[in-house]
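Peer 1: Quick mapping for you: the protein sequence lines, in order, are chains L and U. Going by this note's numbering, the first residue of the first sequence is number 1, and it counts up by one from there. Going by this note's numbering, the first residue of the second sequence is number 1, and it counts up by one from there.
If you're looking for bench data, these hints aren't it; they were derived computationally from the structure. Each hint should be verified, as a subset may be incorrect.
[Claimed, not checked] When the alpha-carbon atoms are kept at most 25 Å apart in a straight line, the in silico PhoX-like pairs for lysine-lysine are as follows: (1) Lys45/L / Lys6/U; (2) Lys48/L / Lys9/U; (3) Lys45/L / Lys9/U; (4) Lys9/U / Lys46/L; (5) Lys118/U / Lys113/L.
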Amino acid sequence: MADILTVLGNVCSVVGFLLTLLVLLKLRRIYRSFLFQARLPDLRKKIKGHRSALARLLNNFADAGAEIAAEIQKCHANLQNLRTKLGRRQAASVTALLKQTADFGLSSVAPSKEEVRRVYLALVLLEEELENLSEDIKWRPRE
Amino acid sequence: MKEENKTAKAITLLLQQTQDGFLRWEAHTPGEDLTQGTARLVETVYFAEKEQQTLRLYSYRDRFYTDEEVWHWEDGVALELSDKKGISWWQFPGHPIIWDLLEAVRFKTAGADAFIDKLLEEGEAPSEPGPTGG
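Using the sequences and the hints given, assemble the complete structure.
Peer 2: Right under this line is the structure:
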């Protein structure tokens, strides 16, 4: 009888441990989801600001090299922040954009107009993805 | 390609051609279709010719009523295919980058580029000595 109780106790401990892990995972997901929903509007606004600033600077590209590099570096920092809040699948385009913007302003060679335009277009498309994502969130079942 | 991406890429192309000076815009006062029988405010309308089509671009302010006598202004921007008289045939789907296009068009049509260059040239040129008194 004592043996059975010991085994039962052990099984319950393992089940309890697994349940604790499950609750921890669930809590982490709720936290990330909450953080994402709270921060998404602000991050979207920042991406929009970077996109708009780049368009304005491209109007006078010849004289705006340093400003463009600074703007893209700021954008890079915000993209890094955004990536940590996205799921793996949604983060793909942010990761691609991060690679694109990683070396801006660090190399001695000034970025070409075409490179800056590629970043601009990628930001335009990312903005659309984020807009769709924020619409999707409204219809997601609550955790 | 998704329809929204297609629109975004098309407008981006117009933006690039405007910035590079390949697409030239002219500023005009708004036509009757934009000013009569509407509460919409339009200041300047820009026209450009592209692929045998006329593009019309303008920003506007609409009165947005939240109650019978309570309203506020809402800003918007429109990019359309129109005829030479300015009658709209089709409007591009609303997209925030049309604001970027408008900004570029204003920059070009106002001659801001040339103005800044001239100003900088003046700043770099050695200043002439003023008339000496005495």
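Peer 1: Look at each hint and say if it fits the structure.
Peer 2: Outcome of the hint check:
no.: 1; hint: Lys45/L / Lys6/U; verdict: holds (23 Å)
no.: 2; hint: Lys48/L / Lys9/U; verdict: holds (16 Å)
no.: 3; hint: Lys45/L / Lys9/U; verdict: holds (21 Å)
no.: 4; hint: Lys9/U / Lys46/L; verdict: holds (21 Å)
no.: 5; hint: Lys118/U / Lys113/L; verdict: holds (23 Å)
Of the numbered hints stated above, none is contradicted by the structure.
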